[in-house]
Amino acid sequence: MAGSEIASLKNPGLAGDVQFDTVIYGSPPLAYSALLSQFAIYNAPDPAYITGRINVSAFANIGGGATWPFLNTNLPLNGHVCIPRGRGPFPLAVFAHGNHNPTENSTPGYLYLCQLMASHGIIAATIDVNFLNGGNFGENDGRAIVHLEHLKQFRTWNGTAAHPLHGKVDLTRILIVGHSRGGEAVGHASLFNRLASIGAVVLDGLPPFALGPYRFGLTAAAAIAPTDRQFTPVTGPTVVPDSYYVIHGSKDSDVFTFEGYHTYERAHAVDLANSTVSDGKFKAMLWVHKANHNQFNSIWASETAPGVALTRANQEQVARVHLGALAQAVLLDRAEYLEVLRDHGAAATWDPAGTELVSQYQDPERVFVQHNQEGLVAPVVSLPVQGTVAADSVVAARQLTALVGGFATTTITLRLAWSALGSRLLLRVDPETLPAERYKVLALRVGQSTEVSNAANRDQDFTLEVSSGSRTAAIPASSLHRLLYPDPPPFGPAKIVMQALRLPVAQLVECGVDPSDLRSVALVFDRRATGTVYVGDLQFSN
Amino acid sequence: MQPPEPPKITAVDVVAAQPTEADSVAIAHLSAQTNKSLPQVAYVVKVKLKTKPPVTSMAWALYVDDVLIPKYWEYKDGIYFTVLDPQFFSDHKGKRLRFSQNGTDFHNTGMKLAAPPVAAVSTPKGKAARPKGKTARAKGRAARLPLQADVLK
Chain A
1 MAGSEIASLK
11 NPGLAGDVQF
21 DTVIYGSPPL
31 AYSALLSQFA
41 IYNAPDPAYI
51 TGRINVSAFA
61 NIGGGATWPF
71 LNTNLPLNGH
81 VCIPRGRGPF
91 PLAVFAHGNH
101 NPTENSTPGY
111 LYLCQLMASH
121 GIIAATIDVN
131 FLNGGNFGEN
141 DGRAIVHLEH
151 LKQFRTWNGT
161 AAHPLHGKVD
171 LTRILIVGHS
181 RGGEAVGHAS
191 LFNRLASIGA
201 VVLDGLPPFA
211 LGPYRFGLTA
221 AAAIAPTDRQ
231 FTPVTGPTVV
241 PDSYYVIHGS
251 KDSDVFTFEG
261 YHTYERAHAV
271 DLANSTVSDG
281 KFKAMLWVHK
291 ANHNQFNSIW
301 ASETAPGVAL
311 TRANQEQVAR
321 VHLGALAQAV
331 LLDRAEYLEV
341 LRDHGAAATW
351 DPAGTELVSQ
361 YQDPERVFVQ
371 HNQEGLVAPV
381 VSLPVQGTVA
391 ADSVVAARQL
401 TALVGGFATT
411 TITLRLAWSA
421 LGSRLLLRVD
431 PETLPAERYK
441 VLALRVGQST
451 EVSNAANRDQ
461 DFTLEVSSGS
471 RTAAIPASSL
481 HRLLYPDPPP
491 FGPAKIVMQA
501 LRLPVAQLVE
511 CGVDPSDLRS
521 VALVFDRRAT
531 GTVYVGDLQF
541 SN
Chain B
1001 MQPPEPPKIT
1011 AVDVVAAQPT
1021 EADSVAIAHL
1031 SAQTNKSLPQ
1041 VAYVVKVKLK
1051 TKPPVTSMAW
1061 ALYVDDVLIP
1071 KYWEYKDGIY
1081 FTVLDPQFFS
1091 DHKGKRLRFS
1101 QNGTDFHNTG
1111 MKLAAPPVAA
1121 VSTPKGKAAR
1131 PKGKTARAKG
1141 RAARLPLQAD
1151 VLK
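Quick mapping for you: the protein sequence lines, in order, are chains A and B.
Residue numbers for the first sequence follow our numbering, beginning at 1 and rising by one.
Residue numbers for the second sequence follow our numbering, beginning at 1001 and rising by one.
Read the hints as simulated data drawn from the structure, not as lab findings.
One should not assume that every hint holds.
Stated by the list, open to error - Heads up, simulated DMTMM-like pairs for lysine to aspartate or glutamate below, C-alpha to C-alpha not over 20 Å straight-line:
#, chain 1, residue 1, chain 2, residue 2
1, B, 1076, A, 104
2, B, 1112, B, 1013
3, B, 1052, A, 392
4, B, 1052, A, 104
5, B, 1153, B, 1065
Said to hold, decoys possible - Pair ranges (Cβ atoms, derived):
#, chain 1, residue 1, chain 2, residue 2, range
6, A, 70, B, 1118, 32 to 42 Å
7, B, 1068, A, 299, 25 to 35 Å
8, B, 1118, A, 199, 24 to 34 Å
9, B, 1115, A, 452, 44 to 54 Å
10, A, 206, B, 1149, 23 to 33 Å
11, B, 1118, A, 280, 30 to 40 Å
12, A, 52, B, 1144, 28 to 38 Å
Glycine included, C-beta positions come from ideal geometry on N, C-alpha and C.
For reference, chain A alone in the conformation it holds in the complex:
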């Protein structure tokens, strides 16, 4: 997308022109104790928005950290929803919080995002899952079920002739967003949404549990600073089947390893048996330097000392801009806002000045030149593209390094280390096997580590050389994006978060390179005397 086209877009973090109303929905009567006085608001919901109760006893227990006026067999569906005025139908976005002191109501903490979305014509709700908060573990399947049951409530209202939301909810365009454990849970919800049963629980809406059926038209699942694998299905770690977006801060002192990155890596990963086949979904990631955990929720007190993290206003602005762009793209059919997901630089004038970001994007349409997932062997060009790999003065080694901490990774990255200017990794390809002309960009992801070969606090850089026969384009990586030095974490090792570099094919053509006769791609380390970078997913893509 041309810069002028981006410039013509409105900041998705700013309120739109649509008027909206905010209502509270809930399942009264609920005799909350004085300790739970923050929840009394759910005792007086809008009379048109009375909800039923749900039974999650097959998934979760409650009551450890607070005495609730209900059991896990009759949990209330409480929430706040911002409803655009007008006939609709409007897309739906539903937010869920994560684990926190259960006596503090975490639910209103995403109203700032709901209000933004509603002002652009999206019904946006934030839901009460506080009863699952406390010193628990493994309950994130229960959080997913609560999230899906709220969607079911909106479907019920949409189908109820006398209800104010009758016919107003576009059930084919739904975004689920979760923060923290709620962020892990949206991944499970995306999976459960497609299932007929979970273990002994049949999702048919019938007793004994009366959960489901779901089968919603989820357009994307978005996770804010999520956990990962606190709940693991019997089939193995959840692979999110819908388009997936994750945002996380480098100063997160709660989820202090970048857990969502593991979810991101598992989603829409290369299928070695069918590496050219796409499931039609995208995934995108945003790593926000100096964002912490709690400030994504406007209620939660910051967990970091003053001055360590972004200001709350700036962190919320980052969330507004980037989740706003996601919502514009996937819910309002404003595909031009996908550019913010493809390249966070597109939002540079909308983000708070000086904000440092790292982003990745994987388009459903792509052909890998080198994905590295063939195994821990010498690097090769990935089939069906054919070619050879030559390392000249570069130590090139595939490895299963958990770049961002947390659980052991299953994604192989290529580590490249050099100690002399002019070192290079050269991939020669057979142009007959690489239809580069069908795609818009040459993309790869690259991140520098804190190893001594990288100068502290200095961007890393190299040159991308792309050649077709006698014509070669030499493009500095830094002209595409900064390769930031890792931000020091609150504790533990620094995370190596790779930045996606997207070189437009049109730029190659301007340099005289014929994409239909592409012969080689080289990473030439001629801009820093020494360095160590991790590289992955070299591909032609859209």
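Following the hints, complete the assembly by docking chain B onto the known chain A.
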């Protein structure tokens, strides 16, 4: 800022209790899956903590040796989990309890999994009227066990 410390366990206690309705559904499902008849008992494993850790999203996963306890819950003295298949105790009693946040680095708590009470589901002879039928008898025995809510008081 310091990384979180794993909680310290001061005692481990196993109590046989009545299964909840959800437990009973799970017991039936598990019985069908394993092709064995499981008792109508929920063994509540109470793990008493010296101090409860702060409520955060990151959590300490609890392991019995190398086996992850998939879910645990808070109660007034610490955390607890339930076991529906007594084979679990045959396989793991006496094994060390460990905490981990990433499945790789483990913190040994110095405590071991206790065995369940031997006569948890035995019925004193000649006491109470025997319900008719195998299921009814099992439910009758279970009914003499305490409620989980009472066990956790």
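Hints versus structure:
no.: 1; hint: 1076(B) with 104(A); result: holds (18 Å)
no.: 2; hint: 1112(B) with 1013(B); result: holds (10 Å)
no.: 3; hint: 1052(B) with 392(A); result: violated (55 Å)
no.: 4; hint: 1052(B) with 104(A); result: holds (18 Å)
no.: 5; hint: 1153(B) with 1065(B); result: violated (28 Å)
no.: 6; hint: 70(A) with 1118(B): 32 to 42 Å; result: holds (37 Å)
no.: 7; hint: 1068(B) with 299(A): 25 to 35 Å; result: holds (32 Å)
no.: 8; hint: 1118(B) with 199(A): 24 to 34 Å; result: holds (30 Å)
no.: 9; hint: 1115(B) with 452(A): 44 to 54 Å; result: holds (53 Å)
no.: 10; hint: 206(A) with 1149(B): 23 to 33 Å; result: holds (27 Å)
no.: 11; hint: 1118(B) with 280(A): 30 to 40 Å; result: violated (57 Å)
no.: 12; hint: 52(A) with 1144(B): 28 to 38 Å; result: holds (35 Å)
In summary, the structure is inconsistent with hints 3, 5 and 11 from the numbered list given earlier, while agreeing with the others.
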